Amino acid sequence: MRLRSAEICLILAFILSFIRHVCTVSINVNEVECVYEEILHEGDAVSGSFVVLDHEIFWTSDHPGIEMTVTSPAGQVVYSLKGTSGDKFKFKATYSGMYQFCFRNPISTPEVVSFHIHVGHIPDEHDLAKDEHLDPIYIKIAELREALESVTADQKYLKARNVRHRYTNLSIRKRVIFYTISEYFLLVGASTLQVMYIRRLFSDPANGRV
Amino acid sequence: MSLETCRAQDVTEQSISGEREMTIQSLCWLKLTSSELPRFGESMRFDLNSGQTKCISEDIKSNAMTVGKYSVVNPNEGYPVPDTHKLTVKVTSPYGNFYHHTDHAESGNYAFTAAEAGDYNACFWVPIHNPPVNVTVEFDWKTGFAAKDWSKVAKKGQVEMMELELKKLADAVSSIHDEMFYLREREDEMQKLNIETNSRMASLGVLSLVVCLSVAALQLWHLKTFFERKKLL
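Protein chains in written order, with my numbering: chain A, 1 to 210; chain B, 211 to 443.
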């Protein structure tokens with residue numbers, strides 16, 4: 001009985017080491033913005049996505065995009081994406097340690113970047129050998145959890161793209177109404193000016209006959 | 211989280227006797243203090259310069275539970291954190307209400323149930339100092355089912371490990387389902403917006419044609435009467 005609860009204790013410790021390492025936040029990117037994530041086991045699959053949410057779309061319809069680089073603790077660039085307004089990424093961590101995810105904005109206007117990072121660890125035979133109480137079923141559970149996390153990651157990516165799409169649509173609507181109404185006013189104003197000018201041309205005693 | 215559970219298990223033991231029990235307990239302790247479970251296992255870090263404000267926002271649905279933890283990474287191990295490295299934190303709702311506010315804190319946490327749905331902002335800043343100091347902040351923000359405290363569920367009796375894991379998975383699945391509903395709703399809203407914009411563009415186009423033609427007609431009529439009056443025509 002007492003052994004059993006101690007067993008549970010050990011297993012609990014092991015289970016919780018299958019860390020659900022998830023991070024979904026929106027940050028402002030002015031020039032370079034870096035976020036650090038600790039990856040505890042080498043061989044972990046790191047997956048994630050980032051989407052640039054354009055709040056204010058001024059003259060240029062297309063922002064050149066944000067650059068993303070992932071640097072390993074050893075200092076080499078593990079993954080890099082250039083000039084995109086959002087993409088998914090996946091790589092396998094060859095070292096364990098503090099990884100750096102940096103976003104660089106080539107243009108001076110601040111952008112909001114929404115990113116999601118997930119570090120998934122599935123225990124393998126090495127961990128199984130370390131502890132006899134670890135059932136092989138926990139590997140299956142971990143695999144199932146990883147599959148669910150990938151669905152969640154896809155959902156978050158879709159949600160972020162949805163938000164960006166919504167901003168674009170609202171901007172389209174605003175622009176349509178603003179430009180059309182101002183077009184009316186300008187048209188009426190221009191034609192009034194035209195009429196006034198012609199009247200003046202013909203009323204002026206110096207030109208034409210009165 | 212697991213540290214508490216382990217201790218609770220030990221406390222609920224009745225008579226502790228024999229060195230075997232002691233060995234197992236000490237093993238338990240070792241496991242937990244090993245590298246497998248760092249202090250902030252699931253957090254991210256970012257840098258703050260002196261006087262700089264950084265805001266992190268999270269989209270939270272109404273009535274969702276949310277938990278946040280932040281702390282300053284100590285630049286000198288073993289010494290207390292200097293004043294230049296103390297944080298000011300503000301958590302605001304989309305309508306501007308303050309849910310959490312601390313000044314000059316080294317670490318802290320907050321938990322609340324979101325009353326309004328929308329973007330919640332957690333803003334951090336460090337007091338201005340010359341020369342500028344770089345402060346690393348460790349931050350973790352969980353919402354929805356990830357914010358649930360599983361140690362409480364585990365404590366409620368001898369819940370089997372597998373059952374706990376499967377409960378977590380069931381929670382994950384139900385949150386995926388909810389999220390799909392939310393995405394569908396938003397897509398529906400956007401489609402309505404697009405259809406309305408489309409019909410508005412059509413009607414505004416027709417209106418602009420009408421305005422153009424009527425202005426031209428008015429011009430012609432006015433000039434004709436003007437010239438007739440001036441006896442030029």
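Worth flagging that the hints you see were computed from the coordinates, not collected in a lab. Here the structure is a predicted model, which is why all the values come from computation and not from measurement. C-beta atoms are modelled at their ideal positions from N, C-alpha and C, and glycine is treated no differently. Some clues are possibly wrong.
Some chain B residues flagged as far from chain A (calculated, every beta-carbon gap over 12 Å) [said to hold, decoys possible]: (1) Ser-260; (2) Pro-292; (3) His-311; (4) Tyr-320; (5) Phe-322; (6) Gln-401; (7) Ser-413.
Pairs of lysine-lysine, BS3-like flavour, derived with a Cα cap of 25 Å [claimed, not checked]: (8) Lys-402/B <-> Lys-378/B; (9) Lys-140/A <-> Lys-264/B; (10) Lys-174/A <-> Lys-402/B; (11) Lys-362/B <-> Lys-159/A; (12) Lys-140/A <-> Lys-300/B; (13) Lys-296/B <-> Lys-159/A; (14) Lys-159/A <-> Lys-441/B; (15) Lys-271/B <-> Lys-300/B; (16) Lys-440/B <-> Lys-159/A; (17) Lys-140/A <-> Lys-92/A; (18) Lys-140/A <-> Lys-377/B; (19) Lys-159/A <-> Lys-434/B; (20) Lys-377/B <-> Lys-402/B; (21) Lys-159/A <-> Lys-90/A.
*Closest CB of chain A to the CB of His-311/B still more than 12 Å away*: holds (20 Å)
*Does the no-contact call for Phe-322/B survive, Cβ to all of chain A over 12 Å?*
holds (17 Å)
*asked:* Given the hinted pair Lys-140/A and Lys-377/B, is their Cα-Cα distance within 25 Å?
replied: With Cα atoms ~15 Å apart, Lys-140/A and Lys-377/B stay inside 25 Å; holds.
*asked:* Checking one constraint from the list: CA of Lys-362/B to CA of Lys-159/A, max 25 Å. Satisfied?
replied: Not OK: Lys-362/B and Lys-159/A at ~31 Å, beyond 25 Å, violated.
_25 Å Cα cutoff - pair Lys-159/A, Lys-90/A_ = holds (19 Å)
*Does the alpha-carbon distance linking Lys-140/A and Lys-264/B stay inside the 25 Å limit?*
violated (40 Å)
*Sort out whether Lys-402/B lies within 25 Å of Lys-174/A, counting only the CA atoms.*
holds (15 Å)
*Does Pro-292/B sit more than 12 Å from chain A, CB to CB?*
At about 21 Å from chain A, Pro-292/B clears the 12 Å cut-off, so the statement holds.
*Would the pair Lys-159/A and Lys-434/B pass a check requiring their Cα atoms to be no farther apart than 25 Å?*
Between Lys-159/A and Lys-434/B the Cα gap is close to 61 Å, so the pair fails against 25 Å, i.e. violated.
_Against the 25 Å threshold, does the CA-CA distance of Lys-377/B and Lys-402/B hold or violate the hint?_
Between Lys-377/B and Lys-402/B the Cα gap is close to 38 Å, so the pair fails against 25 Å, i.e. violated.
*asked:* Given the hinted pair Lys-271/B and Lys-300/B, is their Cα-Cα distance within 25 Å?
replied: holds (19 Å)
*Taking 25 Å as the top limit, are the C-alpha atoms of Lys-402/B and Lys-378/B close enough?*
violated (36 Å)
When the structure is compared with the earlier hints, violations turn up for hints 6, 7, 8, 9, 11, 12, 13, 14, 16, 19, 20 and for no others.
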